[in-house]
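Participant: Go by the hints and put chains B and C onto chain A.
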Amino acid sequence: MDTVATEQAIVSVFEQIVAVLARKADAAIDDATLFRLTDTLFAAFARAGEDGLTVEQMKAACAAFPDDVIENRLGVLRRLGAIQPAFDKPYQREHRASFTSYVSMLFVQRMLARGGQSELHQLLTMEKTRLEGGQSTAEEARDVVVGITTALRLLVAELVALTIGGTVEALRERAPLLWNAKSLIDQASAVHEILLEFWPELSRLCGELRSAIAAYEDASTNASARLIAAAGTSRALNLLPPEMWRRFARRATVEELAAVLADQVFDAPSPWHDVADLAEAVVGRPQPTSGRSTPPRSRVPDGDERPPQEWSDAEAERLAGIAEEVLSGEDSVAVEQLLSGMDWVTARRVLADLVAASNNERLSYRLTWSGPVQVRPDSVPSWLTPGVFERARRHA
Amino acid sequence: MSSPEAALWWARSRAEGPLRVPSVTRTPAGMLRLVERDGEHCWLLTRPPDDVTPAMLRELRMQVLPVEFPNETRRVLAAALRCCWTDIQASPWPGQPATMREVLDVVDQLTPGRGEEVLHRFGMGAFRRLNASRWLDIDDDVQRVCLGPRVATWPDQDLPALRELCRELPPPRPDREPDR
Amino acid sequence: MSGLFDDLLQPLGDKQRDALVSAWAALEYGSEPASEAALPALRDAALRHLLDQMLQRTGRTLVRAGAYLWTSGYRDDIAAVLAANGWGILPPLERAALILVLIHSVAIPRAEGRLAGDDWQSTHPTTPTHLRKLSQVRGQRRLSDALQWLRAAGLVRLVRGADSEMAGASYVPGPALRRLTPAARKRLQENLILAVGPDTALATAITVRRRLGRPEVTTSQRSGS
Numbered sequence: 001m002d003t004v005a006t007e008q009a010i011v012s013v014f015e016q017i018v019a020v021l022a023r024k025a026d027a028a029i030d031d032a033t034l035f036r037l038t039d040t041l042f043a044a045f046a047r048a049g050e051d052g053l054t055v056e057q058m059k060a061a062c063a064a065f066p067d068d069v070i071e072n073r074l075g076v077l078r079r080l081g082a083i084q085p086a087f088d089k090p091y092q093r094e095h096r097a098s099f100t101s102y103v104s105m106l107f108v109q110r111m112l113a114r115g116g117q118s119e120l121h122q123l124l125t126m127e128k129t130r131l132e133g134g135q136s137t138a139e140e141a142r143d144v145v146v147g148i149t150t151a152l153r154l155l156v157a158e159l160v161a162l163t164i165g166g167t168v169e170a171l172r173e174r175a176p177l178l179w180n181a182k183s184l185i186d187q188a189s190a191v192h193e194i195l196l197e198f199w200p201e202l203s204r205l206c207g208e209l210r211s212a213i214a215a216y217e218d219a220s221t222n223a224s225a226r227l228i229a230a231a232g233t234s235r236a237l238n239l240l241p242p243e244m245w246r247r248f249a250r251r252a253t254v255e256e257l258a259a260v261l262a263d264q265v266f267d268a269p270s271p272w273h274d275v276a277d278l279a280e281a282v283v284g285r286p287q288p289t290s291g292r293s294t295p296p297r298s299r300v301p302d303g304d305e306r307p308p309q310e311w312s313d314a315e316a317e318r319l320a321g322i323a324e325e326v327l328s329g330e331d332s333v334a335v336e337q338l339l340s341g342m343d344w345v346t347a348r349r350v351l352a353d354l355v356a357a358s359n360n361e362r363l364s365y366r367l368t369w370s371g372p373v374q375v376r377p378d379s380v381p382s383w384l385t386p387g388v389f390e391r392a393r394r395h396a
Numbered sequence: 001m002s003s004p005e006a007a008l009w010w011a012r013s014r015a016e017g018p019l020r021v022p023s024v025t026r027t028p029a030g031m032l033r034l035v036e037r038d039g040e041h042c043w044l045l046t047r048p049p050d051d052v053t054p055a056m057l058r059e060l061r062m063q064v065l066p067v068e069f070p071n072e073t074r075r076v077l078a079a080a081l082r083c084c085w086t087d088i089q090a091s092p093w094p095g096q097p098a099t100m101r102e103v104l105d106v107v108d109q110l111t112p113g114r115g116e117e118v119l120h121r122f123g124m125g126a127f128r129r130l131n132a133s134r135w136l137d138i139d140d141d142v143q144r145v146c147l148g149p150r151v152a153t154w155p156d157q158d159l160p161a162l163r164e165l166c167r168e169l170p171p172p173r174p175d176r177e178p179d180r
Numbered sequence: 001m002s003g004l005f006d007d008l009l010q011p012l013g014d015k016q017r018d019a020l021v022s023a024w025a026a027l028e029y030g031s032e033p034a035s036e037a038a039l040p041a042l043r044d045a046a047l048r049h050l051l052d053q054m055l056q057r058t059g060r061t062l063v064r065a066g067a068y069l070w071t072s073g074y075r076d077d078i079a080a081v082l083a084a085n086g087w088g089i090l091p092p093l094e095r096a097a098l099i100l101v102l103i104h105s106v107a108i109p110r111a112e113g114r115l116a117g118d119d120w121q122s123t124h125p126t127t128p129t130h131l132r133k134l135s136q137v138r139g140q141r142r143l144s145d146a147l148q149w150l151r152a153a154g155l156v157r158l159v160r161g162a163d164s165e166m167a168g169a170s171y172v173p174g175p176a177l178r179r180l181t182p183a184a185r186k187r188l189q190e191n192l193i194l195a196v197g198p199d200t201a202l203a204t205a206i207t208v209r210r211r212l213g214r215p216e217v218t219t220s221q222r223s224g225s
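Chains as they are written, first to last, in UniProt numbering: chain A, 1 to 396; chain B, 1 to 180; chain C, 1 to 225.
Next comes chain A alone, as it looks inside the complex (with noise of 0.2 Å):
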């Protein structure tokens, strides 16, 4: 299911974006997977080199796409001039790919991530470098103005609709175009400053760009507050980008870190040591195990100070953590059952601590294994043995 949505979201955008260079409604790919049959061929071409590539290295580039879909895209792009003949001759077999269709994919790529925000964005930059010197014409100015308050106005548009009768999944899927609020703002609120300094004609288009970006500033933050209302306690943290969250965490200073916690009350630890417990650890003092010490290991932060039988006090705490909820209170799970949906390293680490949780003497539970070896090259794991993880009763 969401693989379907999330491919229809990425169509849906292609669509947009040719819609104003399109002829006919039907005419912008209706599938992914053109998309990227085009991305693996212009890397087949940029490998090839001068040389280009013939018809057949060209299918062969993108072996992995059905026959049909490669002999309907090639005709389409070469129509289209994204691919054509390396040389101007009669019965030329090479040919090259144009590199102004793939600079253009790669601005399809990078408003597909982001909804075109940070591309408005861009274009505030540039468009307030070139202005600056006042050297533009009036007729350049007007034009700038014109467009950015445009954007802004079709942005708020879109915003105040989703967040007004919009679903919130559809609002949560335009999260993008709530990162950069503030420059987006800030820039052009710039852009606009420049304008009004240089080209004073302009001043009631000035006032429409100032109305749009109150508008856009308005707008975001009620889309980011439905956003956050619908959120919950934890799930508002999905809205923001994981590069975002990977800066932060790798360059924001202690004080930084800190002040996220500075206002949440938590207990002291209060451990108990029990009359029973304090008995245990006296009695229990020649251990039958091992009552000599190790030689003092290396240091290695945490668990430096661990002696070994400790150590395994503490496994045998985790393991039963584990079991139990593999088991989430039942007395027997099936192993398959288990490990259907599980990828295949997760598995592998289950799989290990329930077999470590069965041989560990002071847990009572017990891996049993029934039956020859399955093998199933689609599934993880691909292979199985039916097994059975379960409670072991104490012999009474």
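Heads up, some of the hints might be wrong.
As the list claims (entries may be wrong) - With a cut-off of at most 35 Å between alpha-carbon atoms, the simulated DSBU-like pairs for lysine-lysine come out as follows:
#1 C:K133 / C:K186
#2 C:K133 / A:K182
#3 A:K182 / C:K186
#4 A:K59 / A:K89
#5 A:K182 / A:K128
#6 A:K24 / A:K89
If you're looking for bench data, these hints aren't it; they were derived computationally from the structure.
Facilitator: Relative to chain A, chains B and C alone:
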């Protein structure tokens, strides 16, 4: 019986552990007051309903937060109890001061043959943890060990078992460096 | 007897009294939330109300931790007073390390769509590389002590990590975070967004709402920047 003030004292004690305040402080509702030897300060401890302790969780088959290095820590606590709880018919708190050497010597007798360095390293770690959680009150500078206010949270019905435990433990050996 | 709970407990029969005290212990001492299935005083609405009254008297409150699961936490009004006095606030390095664990184990997996649910628990480990290499807490002399404190307080939990690059343990958020009330969890989420994305419209929305919500409170937290 209940008051906003009491709620704040209880919550603060949960957030910071047993609270050490000047003796003039009025005892908040439902709290236990332990006056220090010098009489100037006292500890405030919360008194749970029916003096229920975390030991109850064993009956409920629930977990408390695990103690790190539980055996090492508990051996040191037991040894400190052996050294500091001199009047065994009275309550353990406040007891008498002992030295770190004495406490470690008892631990040494419980786990013979570990070598001085291991004994010292584990012992210091346990002292630090027990001091942080106020089971012991340690003065590093003069190597002094006292029982901390938390020992007063052992309910009266546990005292016979604690006395028994102390009787079983060897006393510190006089003027003897820990086993090497 | 000058117990804080006497007037609440005295009218009860032995059985109910025991049920109430057991449930109180389970909530206040347990490392994990308590289940209604195991504790009659949590199942029965009248007893649960009494239980909440007991907790309220000590500055605590019942906190729902999932279906049929309960724990206890600080009352929001009490927590505000404690925080304003700096009582129960972790030292900076401990807070910094905990926030890194929350970012790597909860925020990033959520932003990448790998973590569902709406609490601060996670199975995605924060590795020693995250803590000791890719952050500004790296090289802090006290870091091991800080992590030990966080472990003892149940704020982080040790997991066997798959970090081949660096020695040291991996962590996930600990069970003590489940004691945060909904308001406290929400504040944590908002503080994180304010810190990580101060230039986003989301941060603006939070600031605006806070300004409208409590105009007269001048908390000592977070000096403006």
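Participant: Determine for every hint whether it applies to the structure shown.
Facilitator: Hint-by-hint comparison with the structure:
1. C:K133 / C:K186: Satisfied, since the Cα-Cα distance of roughly 29 Å is no more than 35 Å.
2. C:K133 / A:K182: 31 Å, holds
3. A:K182 / C:K186: 23 Å, holds
4. A:K59 / A:K89: The given pair, whose Cα atoms are some 22 Å apart, holds under the 35 Å limit.
5. A:K182 / A:K128: Answer holds: A:K182 to A:K128 is near 17 Å, not above 35 Å.
6. A:K24 / A:K89: 32 Å, holds
Checked against the numbered hints above, the structure violates none of them.
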